[in-house]
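Protein chains in written order, with our numbering: chain A, 1 to 338; chain B, 1001 to 1338; chain C, 2001 to 2325; chain D, 3001 to 3325.
If you are wondering where the hints come from, they were derived from the structure by calculation, not from laboratory data. Watch out, some of these pointers could steer you wrong.
To be verified - Just some of the chain C residues that point at chain D, by a computed CB distance under 8 Å:
no. : residue
1   : Asn2096
2   : Gly2187
3   : Val2190
4   : Gly2268
5   : Asp2296
Unchecked claim - According to the in silico footprint, chain D covers these stretches of chain B (three or more CB under 8 Å from chain D):
no. : stretch
6   : 1038-1047
7   : 1054-1065
8   : 1078-1090
9   : 1187-1199
Even glycine gets a Cβ: it sits at the ideal position worked out from N, Cα and C.
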Amino acid sequence: MFSLVNPDGTVRDRLPVTLDEMKRLYADMVEARVYDHKSMVLQRQGRIATYAPFEGQEAAQIGAAAALRPGDWVAATYRDAALMWKAGYPWELMVLSRIGDERGGSPPEGVNVLPPSLTVGGHMIHAVGLAWAEKLKGGDRIALTSFGDGATSEGDFHEAMNFAAVYELPVVFLCQNNQFAISYPRSEQTKAASIAGKAESYGMAGVQVDGNDVAAMLTATTEAVGSAREGKPTLIEALTFRMGPHTSSDDPARYRDDEETESWRLKDPILRIRLLLEKAGGWTEEWQSEVESVAVGEIEASVARAEAVPQPTREELFSRMFARPTPPLLEQLRRSQK
Amino acid sequence: MFSLVNPDGTVRDRLPVTLDEMKRLYADMVEARVYDHKSMVLQRQGRIATYAPFEGQEAAQIGAAAALRPGDWVAATYRDAALMWKAGYPWELMVLSRIGDERGGSPPEGVNVLPPSLTVGGHMIHAVGLAWAEKLKGGDRIALTSFGDGATSEGDFHEAMNFAAVYELPVVFLCQNNQFAISYPRSEQTKAASIAGKAESYGMAGVQVDGNDVAAMLTATTEAVGSAREGKPTLIEALTFRMGPHTSSDDPARYRDDEETESWRLKDPILRIRLLLEKAGGWTEEWQSEVESVAVGEIEASVARAEAVPQPTREELFSRMFARPTPPLLEQLRRSQK
Amino acid sequence: MSVMTLAQALNGALDLALARDPAVVLLGEDIGRSGGVFRITDRLREKHGADRVFDTPVAESGIIGAALGMAIAGLKPVAEIQFLGFSYPAYDQIINHVARIRNRSAHRFTAPMVVRIPFGGGIGAAEHHSESTEAIYAHIPGVKVVIPSTPSDAKGLLLAAIDDPDPVLVLEPIRLYRAVKEEVDEGHYVVPIGPIRVERDGVDLTLISWGAMMKETRAAASLLEESGVSVEVIDVRTLSPLDRSGIVASVEKTGRAVIVHEAPLTGGFGGEIAGVLAEECLYSLKAPVRRVTGWDTVFPLKRSEGHYLPSTDRIVTTARQTLED
Amino acid sequence: MSVMTLAQALNGALDLALARDPAVVLLGEDIGRSGGVFRITDRLREKHGADRVFDTPVAESGIIGAALGMAIAGLKPVAEIQFLGFSYPAYDQIINHVARIRNRSAHRFTAPMVVRIPFGGGIGAAEHHSESTEAIYAHIPGVKVVIPSTPSDAKGLLLAAIDDPDPVLVLEPIRLYRAVKEEVDEGHYVVPIGPIRVERDGVDLTLISWGAMMKETRAAASLLEESGVSVEVIDVRTLSPLDRSGIVASVEKTGRAVIVHEAPLTGGFGGEIAGVLAEECLYSLKAPVRRVTGWDTVFPLKRSEGHYLPSTDRIVTTARQTLED
Ligand SMILES: Cc1ncc(C[n+]2csc(CCOP(=O)(O)OP(=O)(O)O)c2C)c(N)n1
Ligand SMILES: Cc1ncc(C[n+]2csc(CCOP(=O)(O)OP(=O)(O)O)c2C)c(N)n1
Ligand SMILES: [Mg+2]
Ligand SMILES: [Mg+2]
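Bound conformation, chain A alone (with noise of 0.2 Å):
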């Protein structure tokens, strides 16, 4: 497994990564946490639908990202907040989808992360023909698709492997291996030592990387995408753990106790990177409260502008269909307003 900073904040050999980059990506962790326990409570006053929390993949999601540049795709899933976030997706429009809006489905022009998928596994293709098209159309456009343990269960994920690499694509396939499907137990999930191992049945590079580590997930998706440039794919493997549940309405209880849980607060993404700027003199009291203020001004305006979005219109619904309503869409719209 590829790590760089240990969960006691202390570093394996030199980090790749500056001083400033680190506090950045730890700002952003922050900001991500925040939106996520803003999320939970948002659900429970029932301002939000059903949420799917992330805590505990912030490094995953967050360093990832970073690896990216502008106009990059992205193709990711319900539970990747974080991710799409710093790919440039606004967490209002987030919230807007969770408040049951499908206008929080389009992103701004210029930001090319596709609103998140809830098949399991069935978006990832679709980073593979991203890639294809940006591959013919001569651009070096990457694709990076992110998806769970469980997804690599699902057809879908081997279809899309085979395809990336038989047409040598610039994808990057995450898999962010939180050990659980819901409450299936990665080990029962597949027998394979690895998720990454998986990679080479494609002939495929794949690497293991420590999900719980910013600056691992950033080096090493920063080499992926490099490769993915020059039309070689690679499977990384994200270790991590979901500190939380499935989402708002599950149970984990039923499936797992509390001990695995508690372990993987010891490795907690964010407590190591404040650590290590502890460490290397980079971490203050004020900065902290500074970066912790800005977030929640972030996520709090955020959640406000996207509450204030007025409730959509009965038309809307039939015009979002096809570029332009069939007279079959413009007869029913015109029934249902009487």
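Starting from the known structure of chain A, fit chains B, C and D with the ligands onto it as the hints suggest.
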């Protein structure tokens, strides 16, 4: 690649198969080839529909099936007539199916060979379910599923392999890598070094075998069947070649050159055993012509019996759908009769 | 007898089936340890063992294909797909193999299996969690499709499905899992697959529906009755095989029909039923047949659900138009 | 103008599209080197290059999902699935992603792509090679479904599909690929997606069909005309979006309708059309609507095809009954 008998009939170290067994396997391969050639003729004469020839793959199919016990399950493809026959499925019924009669899909009681699947990849998981049932019932039957190199690209291959490994089921996966999926070459189908190697990403054993060496196929499959009975599935990649067209309506000239085909003629699975038997003094002109006439007799008789089966009635079309026809079916049958 | 929700009735049926027939096994995502995302298989793994109730990898085609293999080999698998919107990766297995193995083998191999799938919207769920695509399953020759809307039907139809020698899809209305309660017989009983259930007798108009929309349909019927209209309410219950004569008999009596379903209009199963009426009831129809359905759009997210879902009000208004024609 | 088969017209359309728009790419199993199992893409790889026409691994979900990604990124992929019976592994991609990306992203990302699929029986093919499951696609909000039955419609509808900013499924009747010839414009032209084609005007009866069954429907119309019946023949051409008013206008005129399709009766698209007539034409219908379709069975193998397929004779007999009512 595991092999025992060289193309010239010489043997690598000693042969774990008796001379009598070799003669039986040889005779079976000869009979299978007679069936194959006869079927191509029947197709040209318009007596059967499209046919998918297996010439060149006799050893892979006869050798593998010879490792099975009565009662073991087989889920194979449109190209596996030899394998299915060796496992107990009468030629006659396979001809009947090609004539276009569903009753050809119904092997005798005790012969647990499913009618062939014509969807690429869809049937492997059935073998997994069959094996799962046998394991739960506590019997020692295993399930063997046969498929091609192209089928390994389907998501269903991935899901079947994973389920078999996860639940430790008595399954043998036999991939007849005949180098082409219709016009698509193995080299493009996957960038993996070998198909056998794909087993590893499921925590399964994989072995590459000379698919034109019936002794090697019997030996490797016998071993795989043995571990299957202990709950350890295996993926066998039989390296072979489709000498004929994909089907009677395919034109190989569009996608492969004769040299490649001719180079494989030298590796013919029947020829090499004949040479081996000659060397071992187990082959005579008389025996050869006896074997051939038995084969021809069997096939001709099977074709005659199949062609003698009376036309199916309209009632059967409706009665085959459920154990008891539903009211809509009964009403439609009535309507169809006026 | 004891009062149960639809969810409890289903759980009871599975419990009973596991207890009385060793050939019955359950498989699906998260149905074991966690008892299923809707808790329909709650405690069944603890009670009947991990060799009867299987959690599976996330692979729908694998689940259904493996269940088919099990069924061919003599077991009676009851597979769960977590949501109808996630059943499509298994569509190939269902239409090409589950529905065909009996025909393909001329009765030699069969598929006595059940596939349970929660479906339908109205709970403000995320994308793909509110589908009502029953029509694409009811069009498959070789599988039966049942949709219970009451606890006792849920139990009886599920037990009938498990006893059936052929494959049966049981579509379970999510919105009704815990919304309706009624007295349910604790023993083993079956509700025959096929016949519709005439839930309420009437002479002026027939309301035809199934699944969660029975709720709004019942409400509409009551409102109409209050204003003096005699409404017949049909819960179709089994979409395939369709009880054509049962539906026709009712409409011949009332001369007026409104069909209600949650799925999009075009190609929805309401079209089939309206088609049957056009074939069989032309001379008794006093007014055009009408369909109150979802629109030809994707099922929307929470904020727009009200714009999509057929409401009691829409049903009542449409019924009144039909009565005025 | 030159005389072409339906297959040649499709090949010509693809050739033209590749030549005029660099964003157009083709992908599918065996479409390159071998030109497709039906030779619809014959020579296109040689002519336009291996970076425009791609042979793919055997993976239908992969083909459609990759095509969607390409479309989102600005290409105009035209994917081929080898037979409709092998399209089901891609059903999830089509209904859950291709049909939804525009809605999911509120127009930000779109799927200007085409999926070409040969379909239908009558050529004594092996299992899975004769399917007519158009109904399960016509029920998907967000995709359009066209089915040409003449060479010029085939070319015009395919070119319209390629120009369309939204996903279009083009179902190609295998039985007609080489059975019909006609003068086809060699240039670029489109046949609008949506409107039905009234192939023959009449006043006594409307025959409604699509795809390969147009052959038997035309034959039946001619026989009926010979016996003095004035038959209107409608080739629906586009199943989704459905030209309800076009169909209704014809039946309001004739008062009698027979719908013909190859798919099984129950849940077939004929139900939708009969349903539309029950909604819109009650007062003009002089006789019950009738459907001449395949039965609720698996499409049989060669020996039983005649027992399954609607024949000209069945259409004529049903039409006469309808005329007598
Ligand atoms: C095709 C499909 N099947 C099932 C589901 C239901 N489901 C939602 S999340 C999930 C588990 C996914 O686990 P994993 O891939 O590890 O991602 P994680 O939730 O752990 O981030 C399942 C089974 C789905 N959304 N899509
Ligand atoms: C799901 C599916 N997709 C496509 C086809 C069409 N098809 C029939 S055989 C074949 C190639 C299969 O190649 P392989 O698996 O190597 O088997 P082989 O024919 O070489 O024995 C294809 C694409 C099919 N039958 N089923
Ligand atoms: Mg996970
Ligand atoms: Mg092959």
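- Taking the numbered hints from earlier one at a time, note which ones the structure violates and give those numbers from smallest to largest. Failing hints, ascending: 2, 3, 6, 7 and 8.
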